[in-house]
Amino acid sequence: DVVLTQSPATLSVTPGERISLSCRASESVDTYLHWYQQKPNESPRLLIKYASQSISGIPSRFSGSGSGTDFTLSINGVELEDLSIYYCQQGNSLPFTFGSGTKLEIK
Amino acid sequence: EVQLVESGGGLVQPGRSLKLSCLASGFTFSNYGMNWIRQAPGKGLEWVASISSSSSYIYYADTVKGRFTISRDNAKNTLYLQMTSLRSEDTALYYCARQRSNNYYFDYWGQGVMVTVSS
Chain A
7 DVVLTQSPAT
17 LSVTPGERIS
27 LSCRASESVD
37 TYLHWYQQKP
47 NESPRLLIKY
57 ASQSISGIPS
67 RFSGSGSGTD
77 FTLSINGVEL
87 EDLSIYYCQQ
97 GNSLPFTFGS
107 GTKLEIK
Chain B
266 EVQLVESGGG
276 LVQPGRSLKL
286 SCLASGFTFS
296 NYGMNWIRQA
306 PGKGLEWVAS
316 ISSSSSYIYY
326 ADTVKGRFTI
336 SRDNAKNTLY
346 LQMTSLRSED
356 TALYYCARQR
366 SNNYYFDYWG
376 QGVMVTVSS
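Heads up: the protein sequence lines correspond to chains A and B, in order.
Quick note on this note's numbering: the first sequence kicks off at 7 and runs consecutively.
Quick note on this note's numbering: the second sequence kicks off at 266 and runs consecutively.
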């Protein structure tokens, strides 16, 4: 199974900061890497597909990059509403796997 | 508006069975693959099972293979998960999630239904 390792586990940030979250795969997943946001007590929401492709309705401050085994989710100007857990997910091979998540805390 | 509404959860004893349903609306259900994904209390996300639009392709996580069965009724716009031989480790919030055919990401999720396995 492809193991996705997300870092850091928790990130405490100040509104307005630009931040980067990491997702590293145990083997290459090409660009079949997707990002989700889960706000407290809500269902996950798709943020980025295929490593860097934007999703309709998602604010432009969210962007993704990477390929192979190293991926990054960036938030350019964190807002209070971004308080969430962020998960990466690979769709390159079965079983589809998720990272353990990065929890974003707002200072 | 795409909507996915799960039902059928509850408290069940270990070893017993339970069947979850997910009623879809707001899109052509028969054109999309569907999935079940679960989240144990305070934990991360775990993919459980996937079914293609015409039920031709079905996949399971090893943790549920042989115990869970995913199915769908396109005439009723409904996805199912039959769960048997339930264990305490199956306790989780179960989400149904839509996928575009041959694209293994999940673009819409339901609100989830809770399954608790306990004596």
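Note that these hints are calculated values from the structure, not bench results.
Each residue gets a CB set at the ideal place from its N, CA and C atoms; glycine is no exception.
Please note: incorrect hints may appear among the correct ones.
[Said to hold, decoys possible] Chain A regions said to be covered by chain B (calculated; three or more residues, Cβ under 8 Å): (1) 17-25; (2) 31-38; (3) 51-60.
[Unchecked claim] Derived DSS-like pairs: lysine-lysine, alpha-carbon spacing no greater than 27 Å straight-line: (4) B:K308 / B:K284; (5) A:K45 / A:K109; (6) B:K341 / B:K284; (7) B:K341 / B:K308; (8) A:K113 / B:K308; (9) B:K308 / A:K109; (10) B:K341 / B:K330; (11) B:K308 / A:K45; (12) A:K45 / A:K113.
Status of each hint after checking the structure:
no.	hint	in the structure
1	17-25	violated (count 0)
2	31-38	violated (count 1)
3	51-60	holds (count 4)
4	B:K308 / B:K284	holds, 23 Å
5	A:K45 / A:K109	holds, 10 Å
6	B:K341 / B:K284	holds, 16 Å
7	B:K341 / B:K308	violated, 32 Å
8	A:K113 / B:K308	holds, 23 Å
9	B:K308 / A:K109	holds, 12 Å
10	B:K341 / B:K330	holds, 25 Å
11	B:K308 / A:K45	holds, 14 Å
12	A:K45 / A:K113	holds, 17 Å
In this structure, the earlier hints numbered 1, 2 and 7 are contradicted, and the remaining ones agree with it.
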